[in-house]
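Q: Please work from the sequences and hints to get the whole structure.
As you go down the protein sequences, you meet chains Z and D in turn.
Residues in the first sequence are numbered consecutively from 39, following our numbering.
Residues in the second sequence are numbered consecutively from 10, following our numbering.
Keep in mind the hints are simulated off the structure, nothing from the lab.
Where hints are given, some of them may not hold.
Only pairs whose alpha carbons sit at most 30 Å apart, straight line, appear in this in silico DSSO-like list of lysine-lysine [claimed, not checked]:
no.: 1; chain 1: D; residue 1: Lys875; chain 2: D; residue 2: Lys861
no.: 2; chain 1: D; residue 1: Lys854; chain 2: D; residue 2: Lys875
no.: 3; chain 1: Z; residue 1: Lys209; chain 2: D; residue 2: Lys572
no.: 4; chain 1: D; residue 1: Lys278; chain 2: Z; residue 2: Lys209
no.: 5; chain 1: D; residue 1: Lys854; chain 2: D; residue 2: Lys827
no.: 6; chain 1: D; residue 1: Lys861; chain 2: D; residue 2: Lys660
These numbers were taken from a predicted model, which means no experiment stands behind them.
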Amino acid sequence: MSDAIAIPPLAVAGTDLALESNAVLPGGVTLTLEPPASRWSLRARTAEALGAVIGRAVPTRIGETLDGIACLGPDEWLADPPAGTVVPDGAGQPVSVVDVSARGVVIRVEGASAARVLCSGCPLDLERFAVGRATRTVFETVEVIVWREQADMFRVFVWRSFAPWLWHALKAVQLG
Amino acid sequence: MSGYRLPAGGRINRAAPLDFTFDGRAHRGFAGDSLASALVASGQMLFGRSFKYHRPRGILGMGTEEPNALVTVDRGETGPGWGRATPNLRAPSVALYQGLDAQSQNRFPSLKFDLGAVNDRLGALFPAGFYNKTFMWPRSAWEKLYEPAIRRMAGLGASPATRDPDHYDATYAHCEVLVVGGGLAGIDAALAAAQGGSRVILIDEQEELGGGALSDQALWGEVADKAMALRRLDNVTVLTRTTAFGYYHQNFVGAVEQLTDHLAPGEAKGARERLWRIRAGEVVLAQGAIERPLVFDGNDVPGVMLSSAGRTLAVRYGVAVGRAVAVMAVHDSGWRDALALKAAGVNVVALIDLRAQVAADLVSAVRAAGIAVHLGHAVTGVSGRHGVSGITFAADGTGHSQQLAVDALLMAGGWTPTVHLWSHAKGSLRWDAGWGAYLPDVPQENCRAVGAGAGAWDLGSGLALGTLPGPKPIWQTKAFVDFQNDVKARDIDLAVREGMRSIEHIKRYTTNGMATDQGKTSNLNGLQIASGSLGRAVTDIGLTTFRPPYTPQTFGALMGHHKDALFQPIRKTVIDGWADARGAVFENVAQWRRARYFPQGGEDMHAAVARECLAVRQNVGMFDASTLGKIEVVGPDAAEFLNRMYTNPWKALAPGRCRYGLLLREDGFITDDGVSARLAPDRFHLTTTTGGAARVLAMMEDYLQTEWSDLDVWLTSTTEQWAVIAVQGPLAREVIAPLVEGIDLSREAFPHMAIREGRICGVPTRLFRVSFTGELGYEVNVPAEHGRMVWEAIHAAGQAHGITPYGTETMHVLRAEKGYVIVGQDTDGTLTPDDAGMAWAVGAKKPDFVGKRSLARPDMTAPGRKQLVGLLTEDPNEVLEEGAQIVADPAQPVPMTMLGHVTSSYHSATLGRSIAMAVIADGRARDGQVIHVPMPGRTIRARVTASTVFYDAQGSRLDV
Numbered sequence: 039m040s041d042a043i044a045i046p047p048l049a050v051a052g053t054d055l056a057l058e059s060n061a062v063l064p065g066g067v068t069l070t071l072e073p074p075a076s077r078w079s080l081r082a083r084t085a086e087a088l089g090a091v092i093g094r095a096v097p098t099r100i101g102e103t104l105d106g107i108a109c110l111g112p113d114e115w116l117a118d119p120p121a122g123t124v125v126p127d128g129a130g131q132p133v134s135v136v137d138v139s140a141r142g143v144v145i146r147v148e149g150a151s152a153a154r155v156l157c158s159g160c161p162l163d164l165e166r167f168a169v170g171r172a173t174r175t176v177f178e179t180v181e182v183i184v185w186r187e188q189a190d191m192f193r194v195f196v197w198r199s200f201a202p203w204l205w206h207a208l209k210a211v212q213l214g
Numbered sequence: 010m011s012g013y014r015l016p017a018g019g020r021i022n023r024a025a026p027l028d029f030t031f032d033g034r035a036h037r038g039f040a041g042d043s044l045a046s047a048l049v050a051s052g053q054m055l056f057g058r059s060f061k062y063h064r065p066r067g068i069l070g071m072g073t074e075e076p077n078a079l080v081t082v083d084r085g086e087t088g089p090g091w092g093r094a095t096p097n098l099r100a101p102s103v104a105l106y107q108g109l110d111a112q113s114q115n116r117f118p119s120l121k122f123d124l125g126a127v128n129d130r131l132g133a134l135f136p137a138g139f140y141n142k143t144f145m146w147p148r149s150a151w152e153k154l155y156e157p158a159i160r161r162m163a164g165l166g167a168s169p170a171t172r173d174p175d176h177y178d179a180t181y182a183h184c185e186v187l188v189v190g191g192g193l194a195g196i197d198a199a200l201a202a203a204q205g206g207s208r209v210i211l212i213d214e215q216e217e218l219g220g221g222a223l224s225d226q227a228l229w230g231e232v233a234d235k236a237m238a239l240r241r242l243d244n245v246t247v248l249t250r251t252t253a254f255g256y257y258h259q260n261f262v263g264a265v266e267q268l269t270d271h272l273a274p275g276e277a278k279g280a281r282e283r284l285w286r287i288r289a290g291e292v293v294l295a296q297g298a299i300e301r302p303l304v305f306d307g308n309d310v311p312g313v314m315l316s317s318a319g320r321t322l323a324v325r326y327g328v329a330v331g332r333a334v335a336v337m338a339v340h341d342s343g344w345r346d347a348l349a350l351k352a353a354g355v356n357v358v359a360l361i362d363l364r365a366q367v368a369a370d371l372v373s374a375v376r377a378a379g380i381a382v383h384l385g386h387a388v389t390g391v392s393g394r395h396g397v398s399g400i401t402f403a404a405d406g407t408g409h410s411q412q413l414a415v416d417a418l419l420m421a422g423g424w425t426p427t428v429h430l431w432s433h434a435k436g437s438l439r440w441d442a443g444w445g446a447y448l449p450d451v452p453q454e455n456c457r458a459v460g461a462g463a464g465a466w467d468l469g470s471g472l473a474l475g476t477l478p479g480p481k482p483i484w485q486t487k488a489f490v491d492f493q494n495d496v497k498a499r500d501i502d503l504a505v506r507e508g509m510r511s512i513e514h515i516k517r518y519t520t521n522g523m524a525t526d527q528g529k530t531s532n533l534n535g536l537q538i539a540s541g542s543l544g545r546a547v548t549d550i551g552l553t554t555f556r557p558p559y560t561p562q563t564f565g566a567l568m569g570h571h572k573d574a575l576f577q578p579i580r581k582t583v584i585d586g587w588a589d590a591r592g593a594v595f596e597n598v599a600q601w602r603r604a605r606y607f608p609q610g611g612e613d614m615h616a617a618v619a620r621e622c623l624a625v626r627q628n629v630g631m632f633d634a635s636t637l638g639k640i641e642v643v644g645p646d647a648a649e650f651l652n653r654m655y656t657n658p659w660k661a662l663a664p665g666r667c668r669y670g671l672l673l674r675e676d677g678f679i680t681d682d683g684v685s686a687r688l689a690p691d692r693f694h695l696t697t698t699t700g701g702a703a704r705v706l707a708m709m710e711d712y713l714q715t716e717w718s719d720l721d722v723w724l725t726s727t728t729e730q731w732a733v734i735a736v737q738g739p740l741a742r743e744v745i746a747p748l749v750e751g752i753d754l755s756r757e758a759f760p761h762m763a764i765r766e767g768r769i770c771g772v773p774t775r776l777f778r779v780s781f782t783g784e785l786g787y788e789v790n791v792p793a794e795h796g797r798m799v800w801e802a803i804h805a806a807g808q809a810h811g812i813t814p815y816g817t818e819t820m821h822v823l824r825a826e827k828g829y830v831i832v833g834q835d836t837d838g839t840l841t842p843d844d845a846g847m848a849w850a851v852g853a854k855k856p857d858f859v860g861k862r863s864l865a866r867p868d869m870t871a872p873g874r875k876q877l878v879g880l881l882t883e884d885p886n887e888v889l890e891e892g893a894q895i896v897a898d899p900a901q902p903v904p905m906t907m908l909g910h911v912t913s914s915y916h917s918a919t920l921g922r923s924i925a926m927a928v929i930a931d932g933r934a935r936d937g938q939v940i941h942v943p944m945p946g947r948t949i950r951a952r953v954t955a956s957t958v959f960y961d962a963q964g965s966r967l968d969v
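A: In structure tokens, the structure reads:
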């Protein structure tokens, strides 16, 4: 029994974490880092007001998605449209269109146990989270947006600087 | 040496012997044993020493209620490995494995011969409340003498002092029905809930399902059948070795699953424990009931235990607690236990019951089993110190007494339904006289209780007593109520005589129920004794609160993956890797790590910072400012919104221009600041401090949603969208000019405090002309994915101009030379704009802004407020300590009148001397005065300067 616990300087150990492009988790679930893409944060009082300005229909209920646009809140949408789509900036209109393409990255979590991997750190009932839904939530202490594209494939949007931690936290998940 | 293994019976596997050690001595048990059953089987009745009096103690119960038999289990794979040692484990809950190494606690030098036991002889000197009374004076002795001595003497196991090498898993789970408790009532509830296809989780703390039924051979078949039925259901998750430790709001239950502690260390793979965070539609509590001890003189001698413990040892583990066993009962369950023990082959010699009348069928069955029956009698004494050698019992406790040679005594004091989790969830309780206990009444959550825990189980009937009647007055007895905290019946009586009336006070005065077992066996007896002493009904003196955790849990399990590299996210900018490769020294700022300085050769921080500062002042430097908080404010009412938030006017700011914004809280004190740019009539690019980013966004969003929801404006965090490269110094323009397209960089076209959009190195940029150094400067904002490329391009282009990367330390010095504040360093949440010397940033003509009203309060304008000023030490080489206190008269006796403190202090290479900022009462009026900074062994003299600007007061270097 030694006299003192040797503790390294606060949290320095975490600085070595780095993003990877692919990883396979023990349960056969794969992690894939998606390439950069154009994304916008859209804000308006109503879905109609927003739709009129950007010239596209947007989902009206929180959690719903439509053609690459997810409704995240009563006045907030995330546009993650097909490549080549440009969302107009709505200058002068009562909307807010902000380019957030570089703000974060998307980690694709794929496999039969994908929901269980995410459930390890996400308090939502992802087993009952319908395909095609998206929501802002957390994985442990990190804010993420979870978008269920297929029954066995989730896309996890996370701000850039939190991504290495999230990547390795997902890799550490044990499916008991 | 009274316990022994019965020749047959039990659920153990006699074909699988397991070797283990206790206090270094070798023992042998079988697969299926617990540490407690295996030790009793080898004749070990002494398990530990009590907390306060160091009395020898054996096991009391065979479940999680066990207060005495606390052990340290060392799971080092090759010899002692203290990082894998866990103290204070309850021996009955420790599953036996090959090579298990357990040690007793709180004894010196050995369990059998313990010097601390002198406390027991001096017990009269240590009554309830003695800590409060005895060690109050002198005050200084508490910290230095009394507390350390008491902690050494009165202790549980030693805390591990090396790092825990294990790792831990955690998960969330959802189900429609969560059943806590895997006895028959819980199993039935789970089976019923699973019928409709709902997701069901069944949690049980033991090694196998069955609960109390494992101690009743007649029920084994039913348990096995139903457990099999559960396993066949896909929608049921059964978690054994899992303890639901807390029940929180909205049916959120925390549980810890032991994954490897039941295995030999060499066989353990993966995480040690898993934290389950379960959200359930309905919670069914099937926690069962815990038997109550009886309170009488000598009830803590090793070998005196709960009747249910003796039964569990015999039926489940095939262990006899003694060769001649007596039962002291006030409840029918003791009679049933006596019959079960007899059937298992244990020699039960006598059944003593305080009741004069007991159900005739029980009496005749026990008599038929050859057990002597003594109705209307009570045990009044126990002989033996390290083990029972005999008992004395008397008619009604006070009448004619007789002696009996036995080596074990079982107590059947009735049952207390386990309502802990029910109470965590704020369910109400009702007193039930039949049980002599509180039962679940009305739930707050979608929750119900079943089985014994609900009072819905036939355990027979009996009395609920405070103490057994006896010949001695209470103050002459050593009749224990709380075994772990050494609280005796007389301590509770003393508390009442000293004026305690509520059970909450009695508990704290005596510490009854405050040990790690949280009074599982003592609460109800304590209540009954207090009730008797007070002459008031039990229901009139209250019930203490049940709080999580139900049983102690490891910190590791609660941490989950938040350990080592995953302890918490370390945020790094896109330029961090470049700085790392250049040998930068880092510091943590909020969650970010930032380059602090870039030492070259053998430079220390002082030398590196001096070089970096001079480079910026003379040539040009570059700095990674990506961590600055950024918010895009967009909408027709954007300017109106900012005008209401910030102290200064924003509506007239022209697109393409920047402004410094000062943000107050509603109380009028500075909370953040930053430079923001107007990109278009309806679009602003705000910056906040690095640490304030999330807080400022939340504050602004709060105002927008709750106060001014009529405004058409929205806030979007863009902190991570943009990498920010500050290029600062007289040559800054020359460095970036060749890289920039579409922006006229000339002084006239692009003045100080302006923003232009264009391209740099071929990518879009928002180019700010701003300065936190006092030099000509730009902050190059580019989309984060291009940040590293642009940084390297600027660095390459700057080589011809001697460009020098600098870190946060140099940034701090440069801004201090200019008197620019850092919110949170030079301000502390009690400074107004005027206190900070920034009255110029307050728009006096503005009708309103956040905090304006508070600035008009008399105290906010009263004389004597602390003001931010400069300090110049008389010795130019003396660098003051940040945080050092400032006094006017160092000759004053201690405690001196303190005027304020140093907020920022550096050596300035540019000025060739030290500089400092400080907040000082009436600071600006003290311009030119000498103040004193007392330090250990000396006092430093410094002169106040009303202005905090030490360099280029005219700002001539900015406007070039």
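Q: The structure should be examined with respect to each hint, and the outcome stated for every one.
A: A quick look at each hint next to the structure:
1. A C-alpha spacing of about 19 Å is found between D/Lys875 and D/Lys861, which places the hinted pair at or below 30 Å, so the restraint holds.
2. With a CA separation close to 25 Å, the supplied pair D/Lys854 and D/Lys875 stays within the 30 Å bound.
3. The suggested pairing of Z/Lys209 with D/Lys572 holds, with an alpha-carbon distance near 14 Å, which does not exceed 30 Å.
4. Distance hint between D/Lys278 and Z/Lys209 is fulfilled; the C-alpha atoms sit about 17 Å from each other, no more than 30 Å.
5. About 28 Å separates the Cα atoms of D/Lys854 and D/Lys827, which keeps this hinted pair within 30 Å; it holds.
6. Using a Cα cut-off of 30 Å, the hinted pair D/Lys861 and D/Lys660 holds, with the two alpha carbons roughly 17 Å apart.
In this structure, every one of the numbered hints holds.
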